[in-house]
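First to last, the sequence lines map onto chains D and H.
Mapping to our numbering: the first sequence position 10 is 10, numbers consecutive.
Mapping to our numbering: the second sequence position 40 is 40, numbers consecutive.
The hints are simulated quantities; they were obtained by calculation from the structure and are not laboratory data.
Take these hints with a grain of salt, some might be off.
[Unchecked claim] So the derived label-pair ranges between C-beta atoms look like this:
no.	chain 1	residue 1	chain 2	residue 2	range
1	H	ALA154	D	ASP127	24 to 30 Å
2	H	ASP43	D	ASP338	28 to 34 Å
3	H	GLY258	D	ASP272	52 to 58 Å
4	H	GLY152	D	ALA195	26 to 32 Å
5	H	LYS158	D	ASP338	24 to 30 Å
6	D	PRO337	H	SER47	24 to 30 Å
7	D	THR168	H	ASP43	53 to 59 Å
Every residue gets a Cβ at the ideal spot worked out from N, C-alpha and C, and that includes glycine.
There are 2 protein chains.
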Amino acid sequence: MFVAKFFRMAPIIAGIILTAMTSVAGAFEAFQPLPDSAPGPADNPQSVEKVGLGKQLYFDPRLSVNVTLSCNSCHNLAAGGEDGRSQAVGVYGRKSRRSTPTIWNAAFHSTLNWYGNEPTLEQQVKDHLLAKEIMGMPNAAAVMARINSIYGYAEQFKKIFGGKESVTYDNIARALASFERTLITPNSAFDRYLAGDKEALSPAAERGFKRFKDIGCSSCHFYVNLAGPQPGLQLKTGEGFWELFPTFAGSAYDAQYGLLDDLGRYEVTGMDNHKRMWRMPTLRNVALTAPYFHNGSVPTLYDAVVVMAKTQLNKEIGDDDASDIVEFLDSLTGEFPDISLPHLPSLDNGTLYFDKH
Amino acid sequence: MFVAKFFRMAPIIAGIILTAMTSVAGAFEAFQPLPDSAPGPADNPQSVEKVGLGKQLYFDPRLSVNVTLSCNSCHNLAAGGEDGRSQAVGVYGRKSRRSTPTIWNAAFHSTLNWYGNEPTLEQQVKDHLLAKEIMGMPNAAAVMARINSIYGYAEQFKKIFGGKESVTYDNIARALASFERTLITPNSAFDRYLAGDKEALSPAAERGFKRFKDIGCSSCHFYVNLAGPQPGLQLKTGEGFWELFPTFAGSAYDAQYGLLDDLGRYEVTGMDNHKRMWRMPTLRNVALTAPYFHNGSVPTLYDAVVVMAKTQLNKEIGDDDASDIVEFLDSLTGEFPDISLPHLPSLDNGTLYFDKH
Numbered sequence: 001m002f003v004a005k006f007f008r009m010a011p012i013i014a015g016i017i018l019t020a021m022t023s024v025a026g027a028f029e030a031f032q033p034l035p036d037s038a039p040g041p042a043d044n045p046q047s048v049e050k051v052g053l054g055k056q057l058y059f060d061p062r063l064s065v066n067v068t069l070s071c072n073s074c075h076n077l078a079a080g081g082e083d084g085r086s087q088a089v090g091v092y093g094r095k096s097r098r099s100t101p102t103i104w105n106a107a108f109h110s111t112l113n114w115y116g117n118e119p120t121l122e123q124q125v126k127d128h129l130l131a132k133e134i135m136g137m138p139n140a141a142a143v144m145a146r147i148n149s150i151y152g153y154a155e156q157f158k159k160i161f162g163g164k165e166s167v168t169y170d171n172i173a174r175a176l177a178s179f180e181r182t183l184i185t186p187n188s189a190f191d192r193y194l195a196g197d198k199e200a201l202s203p204a205a206e207r208g209f210k211r212f213k214d215i216g217c218s219s220c221h222f223y224v225n226l227a228g229p230q231p232g233l234q235l236k237t238g239e240g241f242w243e244l245f246p247t248f249a250g251s252a253y254d255a256q257y258g259l260l261d262d263l264g265r266y267e268v269t270g271m272d273n274h275k276r277m278w279r280m281p282t283l284r285n286v287a288l289t290a291p292y293f294h295n296g297s298v299p300t301l302y303d304a305v306v307v308m309a310k311t312q313l314n315k316e317i318g319d320d321d322a323s324d325i326v327e328f329l330d331s332l333t334g335e336f337p338d339i340s341l342p343h344l345p346s347l348d349n350g351t352l353y354f355d356k357h
Numbered sequence: 001m002f003v004a005k006f007f008r009m010a011p012i013i014a015g016i017i018l019t020a021m022t023s024v025a026g027a028f029e030a031f032q033p034l035p036d037s038a039p040g041p042a043d044n045p046q047s048v049e050k051v052g053l054g055k056q057l058y059f060d061p062r063l064s065v066n067v068t069l070s071c072n073s074c075h076n077l078a079a080g081g082e083d084g085r086s087q088a089v090g091v092y093g094r095k096s097r098r099s100t101p102t103i104w105n106a107a108f109h110s111t112l113n114w115y116g117n118e119p120t121l122e123q124q125v126k127d128h129l130l131a132k133e134i135m136g137m138p139n140a141a142a143v144m145a146r147i148n149s150i151y152g153y154a155e156q157f158k159k160i161f162g163g164k165e166s167v168t169y170d171n172i173a174r175a176l177a178s179f180e181r182t183l184i185t186p187n188s189a190f191d192r193y194l195a196g197d198k199e200a201l202s203p204a205a206e207r208g209f210k211r212f213k214d215i216g217c218s219s220c221h222f223y224v225n226l227a228g229p230q231p232g233l234q235l236k237t238g239e240g241f242w243e244l245f246p247t248f249a250g251s252a253y254d255a256q257y258g259l260l261d262d263l264g265r266y267e268v269t270g271m272d273n274h275k276r277m278w279r280m281p282t283l284r285n286v287a288l289t290a291p292y293f294h295n296g297s298v299p300t301l302y303d304a305v306v307v308m309a310k311t312q313l314n315k316e317i318g319d320d321d322a323s324d325i326v327e328f329l330d331s332l333t334g335e336f337p338d339i340s341l342p343h344l345p346s347l348d349n350g351t352l353y354f355d356k357h
């Protein structure tokens with residue numbers, strides 16, 4: 001509870017904690033280069049076969065109830081790992097109220113989903129397959145039945161997970177999460193800068209980085225993913241890392257961007273102090289993931305910076321500062337790995353999903 | 001008009017023509033191995049850069065009106081080049097009445113679309129981007145404006161097509177068609193068999209091939225794509241290659257599978273003799289493209305063979321024959337090339353599509 005309680009408070013306090021943490025030499029670095037790989041949890045170690053299976057599942061529309069969407073439909077790996085829309089569109093054209101977060105580097109998040117209610121990638125997969133406005137599968141058994149009906153999948157699950165019944169819902173989630181842990185975009189200009197290449201940032205980006213820290217953005221946007229504490233921290237506390245947004249309500253932005261319309265984490269906990277609490281989004285590749293905020297209401301990164309400064313730090317920043325900070329945020333775009341399209345296992349001359357004619 | 005007029009008649013007549021054509025030694029081979037490459041038309045020669053650009057466009061959801069679907073959403077290159085559904089689902093969940101045809105080897109079709117009304121891949125692209133129930137773009141200008149607003153695309157168009165205004169609707173179609181011409185699945189067991197490897201087909205598949213020819217399937221399903229005359233023929237005659245389906249109406253299948261509900265080519269020409277006329281679908285990779293027929297009403301390949309024999313040839317074939325023919329059709333599954341996911345050019349910190357919050 002310790003961390004959560006403190007971080008639930010205003011970012012000024014978070015800033016003090018951050019300063020205190022960074023001052024313990026070696027114990028904590030506020031910013032860290034993105035690692036090349038992300039290890040799986042104890043019950044889901046990475047393996048080439050499992051990642052390969054997870055990749056097929058990730059691109060397979062047969063994981064959605066009406067065989068129209070794959071994970072990649074919204075979390076597009078040909079782009080910024082999301083859909084470029086304000087709000088996500090799931091099966092049957094069902095619209096979510098929220099903007100799709102990027103899947104890139106999700107392995108380094110301490111908690112997932114805008115609510116911050118998904119402690120692991122595995123859990124996120126399990127919930128989103130069944131979410132009515134996302135993949136829309138009726139229940140875990142239906143997902144398992146689908147996978148089991150495709151021989152090429154059943155065969156792989158048996159080989160990878162063994163046991164009598166290898167196509168379990170847990171194993172489906174494990175395979176998908178394993179693939180997702182490979183979705184890392186290292187070697188951004190900022191990463192090279194952190195690694196010692198002081199020329200990697202332009203003068204404007206370097207000024208932006210300084211302003212980013214000075215005005216307090218880094219109170220929340222710190223560590224590997226510029227999204228708060230390292231993965232696993234919430235597993236110790238039973239809580240995640242989230243923040244009140246807008247912290248300083250009352251500006252004209254509230255109405256302009258509908259910032260008070262969604263109660264955020266409160267919706268899943270029902271706790272009053274979770275009203276408008278949100279998981280911290282990563283800033284990595286943020287230049288590629290417009291439009292911004294949980295409701296995708298802000299079209300440009302420049303506007304997002306100006307709004308954030310006002311709503312979270314009660315600061316009206318000038319054009320120079322905003323431009324420099326955008327320049328810094330641009331430096332967080334990493335290198336995207338080449339991904340070959342999987343060859344999905346076929347049904348044997350049959351049909352899995354069947355509309356009435 | 002010569003070819004069209006004859007082929008519009010019953011397959012018995014088509015069979016006679018086929019026999020006559022094949023009897024001219026060397027002039028015409030009823031079945032031919034799939035070539036490794038497909039040349040573009042004179043005004044759209046293939047080039048590495050153009051194919052690369054077309055591939056990005058093919059995977060880019062920004063070509064659909066609400067940024068939810070790419071070409072690959074329905075013509076899935078991770079699978080059989082279609083969506084595995086009975087009927088296609090386009091933007092806003094709009095359902096088509098028709099089943100998505102495979103994009104694989106479409107370069108070798110003499111005419112495209114179920115109507116048979118698209119003479120070229122270029123024309124098909126142009127029409128489908130604007131089809132209300134597919135990509136739903138309001139007009140060509142809107143597509144061009146989208147592409148032009150993405151610097152990484154505008155830059156490539158300029159380099160590849162030159163001229164003052166390189167992002168034309170024609171050039172967008174040219175790039176996409178160029179990529180589509182690379183979507184070839186060579187070296188199926190049947191291709192190896194045709195090339196001289198008599199062991200490539202199992203005894204059942206070889207029996208099936210013989211039955212396929214003997215009972216008359218090959219009257220229509222012949223040549224490279226097992227879908228009728230070679231590409232370009234319709235360009236000479238101004239007509240395509242299509243067939244009446246059901247040719248022998250009146251069986252119980254009409255009602256069971258709704259075979260009389262859709263008037264096919266008549267819908268685009270308004271000509272009485274085009275009622276229930278359909279473009280010949282390819283049989284290449286047919287084992288991967290269930291469910292079958294224009295309305296996706298038949299769930300298995302076995303059933304499709306039995307129904308076709310009855311409705312097109314007025315033959316009730318037995319279980320052995322049907323199974324052997326399925327075995328032959330299985331031999332038409334080719335080798336699928338490895339395709340790397342493109343890196344889509346990003347907008348510069350901005351938003352292309354924007355829902356109201």
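Against the structure, the hints:
1. ALA154(H) <-> ASP127(D): 24 to 30 Å: violated, 40 Å
2. ASP43(H) <-> ASP338(D): 28 to 34 Å: With a Cβ separation near 32 Å, ASP43(H) and ASP338(D) satisfy 28 to 34 Å, so the hint holds.
3. GLY258(H) <-> ASP272(D): 52 to 58 Å: At 56 Å between Cβs, range holds.
4. GLY152(H) <-> ALA195(D): 26 to 32 Å: At 27 Å between Cβs, range holds.
5. LYS158(H) <-> ASP338(D): 24 to 30 Å: With Cβ atoms ~25 Å apart, the hint holds.
6. PRO337(D) <-> SER47(H): 24 to 30 Å: Distance hint for PRO337(D), SER47(H) holds at roughly 26 Å.
7. THR168(D) <-> ASP43(H): 53 to 59 Å: holds, 55 Å
The structure does not agree with numbered hint 1 stated previously, though it agrees with all others.
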